[in-house]
Every structure is written in C-alpha cells, then in structure tokens.
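Peer 1: Sequence:
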Amino acid sequence: MDKYTEKKLRNQVFQKFIERHVGENQMTLVRECNTFLSFVTDKSLEKNKLYKANSCKNRFCPVCSWRKARKDALGLSLMMQHVQKEHKKEFIFLTLTTPNVSKNGLEDEIKHYNQSFRRLSNRTKFKKVV
Numbered sequence: 037m038d039k040y041t042e043k044k045l046r047n048q049v050f051q052k053f054i055e056r057h058v059g060e061n062q063m064t065l066v067r068e069c070n071t072f073l074s075f076v077t078d079k080s081l082e083k084n085k086l087y088k089a090n091s092c093k094n095r096f097c098p099v100c101s102w103r104k105a106r107k108d109a110l111g112l113s114l115m116m117q118h119v120q121k122e123h124k125k126e127f128i129f130l131t132l133t134t135p136n137v138s139k140n141g142l143e144d145e146i147k148h149y150n151q152s153f154r155r156l157s158n159r160t161k162f163k164k165v166v
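If you use our numbering, the sequence shown corresponds to residues 37 to 166, in order.
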C-alpha cells in the first residue's frame, strides 16, 4: 500500500493543478479517484488482486497512469515471453535520439530519419543480428 499512498498524495497535487482546466464532472472523478478499492485474495490471504476500484481514468492522474503503465508492462512482458517461447526469438532494444526540430522542418526530418533507418536496416551486420 506504500506505493499506492505515494501516488494518492501526488493525486492531491494533481487535483490542484488540473482544477482550472477541467469541468466539474471530471473534477469530481479526479477527487474521488481510488477512494474505493476492492480486492480478491487466495485462501491463504498471501496474494491479493485488485477487483474493483473507482478510478477517474485520466491519463495524467498519478494513480491511474501508474496502474495503466503496470498493466501495459505486464501485457508486453507476456507477449515477449510468448514470442521467445514459440518463435525462439530474442529482443534487441534500440534507442534512437535526435535534437528537437522546428515544426517547419519536421516533415523533412521524419523522411530523413526513415531513410536513414532503412539504410541501417539494409546493412549486412544489421541483418545478421536481426
């Protein structure tokens, strides 16, 4: 519950920030977010799982975004395990970074990056790894 409490405290800060940007109905959902949690557990009471909660589903809400990130990470992890098991594949994580560009040059930069990645992916060393 410590992780949850930390997120709930950040939710209170979020409420103050978002108050002037959303309507009253959305604000009510944000205020009431995760005030009710219902868990199911196994017979030994060792493992529990969230069964119901009243979440606001706002993507900027600390609690809701944390839950969504965990759910997405679990789904991705299961998919990766399936691919490794069924297709005998491994994963390579590649991070490509670039400086910011102005909106006028954005389209040209995207085309340039796509062409550059295409050239990279056509190299023999790249194909051997992939």
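Keep in mind that the hints were calculated from the coordinates and are not lab data. Note that this is a predicted model, so its numbers are computed, not measured. Don't take each hint at face value.
Here are the computed distance ranges between Cβ atoms for each label pair [said to hold, decoys possible]:
no.	residue 1	residue 2	range
1	K161	A89	46 to 56 Å
2	A89	K164	44 to 54 Å
3	T77	F162	40 to 50 Å
4	R106	P135	27 to 37 Å
5	F72	K107	10 to 20 Å
6	T77	G141	49 to 59 Å
The beta-carbon is built from N, C-alpha and C at its ideal position, and this holds for glycine as well.
Peer 1: Work down the list of hints and note, for each, if the structure agrees.
Peer 2: Checked hints:
1. Against the hinted window of 46 to 56 Å, the Cβ-Cβ separation of K161 and A89 comes to about 49 Å, which satisfies the hint.
2. A hinted range of 44 to 54 Å holds for the C-beta pair A89 and K164, which are about 48 Å apart.
3. Between T77 and F162, the C-beta spacing of about 49 Å keeps the proposed range 40 to 50 Å intact.
4. For R106 and P135, the Cβ-Cβ distance of about 32 Å falls inside the hinted range of 27 to 37 Å, so the restraint holds.
5. Checking the proposed 10 to 20 Å range against F72 and K107 shows it holds: the Cβ atoms sit about 19 Å from each other.
6. Taking the beta carbon of each, T77 and G141 are about 56 Å apart, inside 49 to 59 Å as hinted.
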